[in-house]
Amino acid sequence: MKALAIDTSNLVMGIAVLDGEKVIGEYITNLKKNHSVRVMPAIHDVMKEANVKPAELDRIIAAKGPGSYTGVRIGVTIAKTMAWTLKKELVGVSSLEVVAQNGKYFGGYVCPLFDARRTQLYTGLYGKKDGQFQAVKEDRLVLRDNWLSELKKLDQPVLFLGNDLDMHKERIFEELGDQAVFGGIADHNPRPSELGRIGVEREPEPVHHFVPSYLQLAEAEANWLAAQKK
Amino acid sequence: MKQDEIILSIETSCDETAVALIKNGTEILANVVASQIESHKRFGGVVPEVASRHHVEQMTVVTEEALQQAGLTMEDVTAVAVTEGPGLVGALLIGVNAAKALAFAHGLPLVPVHHIAGHIYANRLITEMKFPLLALVVSGGHTELVLMEKHGSFEVIGETRDDAAGEAYDKVARTLNLPYPGGPHIDKLAQNGEPVLKLPRAWLEPDSYDFSFSGLKSAVINTVHNAAQRGETIRPEDLAASFQASVVEVLVEKAARAARENNVKQVLLAGGVAANQGLRKALEERFSDLPQELVIPPLYLCTDNAAMIGAAGSVAYQKGKRADWALNGVPGLDLEAQ
Ligand SMILES: [Zn+2]
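Taken in sequence, the protein lines are chains A and B. With the first letter of the first sequence counted as 1, position 155 gets the number 155 in UniProt numbering; the numbers rise by one all the way through. With the first letter of the second sequence counted as 1, position 186 gets the number 186 in UniProt numbering; the numbers rise by one all the way through.
A few of these clues could be false.
Under 10 Å between C-beta atoms, here's a sample of chain B residues computed to sit facing chain A [to be verified]:
no. : residue
1   : Lys100
2   : Ala105
3   : Ala219
4   : Ile221
Listed next, the in silico DSBU-like pairs over lysine-lysine satisfying Cα-Cα at most 35 Å (straight line) [said to hold, decoys possible]:
no. : chain 1 : residue 1 : chain 2 : residue 2
5   : A       : Lys152    : A       : Lys48
6   : B       : Lys41     : A       : Lys2
7   : B       : Lys188    : A       : Lys48
8   : A       : Lys152    : A       : Lys22
9   : A       : Lys87     : B       : Lys23
10  : B       : Lys281    : B       : Lys23
11  : A       : Lys53     : B       : Lys281
12  : A       : Lys169    : A       : Lys53
13  : A       : Lys87     : B       : Lys281
14  : A       : Lys32     : B       : Lys23
15  : A       : Lys32     : A       : Lys230
16  : A       : Lys22     : A       : Lys53
Hint data in this document are derived by calculation from the structure and do not stem from the laboratory. Computed from a prediction, not measured in an experiment: that's the story for all the values here. For glycine and all other residues, C-beta sits at the position ideal for the given N, C-alpha and C.
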């Protein structure tokens, strides 16, 4: 199976091309630059280098968020439009799950996180379950301190991963002490090859209805709903 | 045999997800518009984040519908045209990236289009353009007089110095507690009212083609306020008619003068406010005994749509204009640099 994986859901931009059991091309940057300008040239270059034509793809895989609203929409729009127009399969994978893969041999729990402002986190918890590395607590938007007390109760080592970790490290250590393990600088970028690998194993989903997983309503919508309840 | 040129065009600059297929620059094969107006009504205006989310939901659905309506596949398409700007950046990005994905997937040329060029070129779907021409562009975000010497050349000879006409309509509608979008409501009210209230006309300097509507907007608010203080009531119909008369008179007179002074052959009306009945009627009356041909597109081509982007895209394509894979959405794109 030939597959193209696209991740623009956070600052990291990642493209991978998979062929059968191999990752044959991978491009990744972690820069504060415009995904809309850079991602299509990157897709073009990686596919050209890997000598894979769009029509030869069997499947397109997108990191579906959570993350930057605008960022994730860019990758999702490209992935779903390509999948639809080329009549290929489409798979969306949680952006947190992709980061979590960097700790899949850790042994304990893995907690990927993205900062969500106002001391909130986009996060989830991953670990071995039924012999498989998978989500053990689903992705969520949560107040950091609530999340940390939840993790504390596990009484197990937790590996924290993610490029926003520095903003929260101190508080995590205060709360969890030695229970907390922190990834190093090479462990934080979501790898597009892992995105592709997961995507190849999953069931495809309906293309037209595929949308990012924002994990929260647009602010105006949330305010409107709150006003309706009053 | 010369093959037909088929442009697939995409427009997502604000709250309409639109895809069209245009044959040889002038013939509409499909023109699908998914409006989000019902969704934004509850917020009293377009919320950019909500608009962007809807565009992602609708993009492939609308494209599929357009191809089905036209009875075509992507194999028949010559080039993909897309609105590059101006507009809401998050909204533009959905169309731009969908267009890039389509063009890349099928190895097609990608043609960037200016949204206002699109509004002007909506007219070419009705009748052939005769140069030099003058376009009066009136929309929610724009009030401009654009002079065109030839295809694809745009000179802005007049523009608003403060609010766009559409913005003034929306603000006055809010003063009258009319639901969003306010423009059409004022237009409807005005048809049952008399322009009995004295409201200012901003002519600016005698030789200027520029517009200004913020003074008028304030005058409307003051008039309502003063009447309330005196315990008088103003018929909303009369207020709407008086406001509309002021806007329309300035638009029509400046357009007529610009048309005369620039010796144009044609005057085109363009933009969402071109749907305004009061403006259409006044232009028709004013130009009925003038030498310039007046062209007013039907309503469905005045509001945002992708057919107009395809019409402008066809001309840009023929002129060799191409975007590369780095094409971005540009919220403040300049018309004259086109
Ligand atoms: Zn418009």
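(message) Name the hints, by number, that the structure is in violation of.
(response) 3, 4, 5, 6, 7, 8, 11, 12, 13, 14, 15
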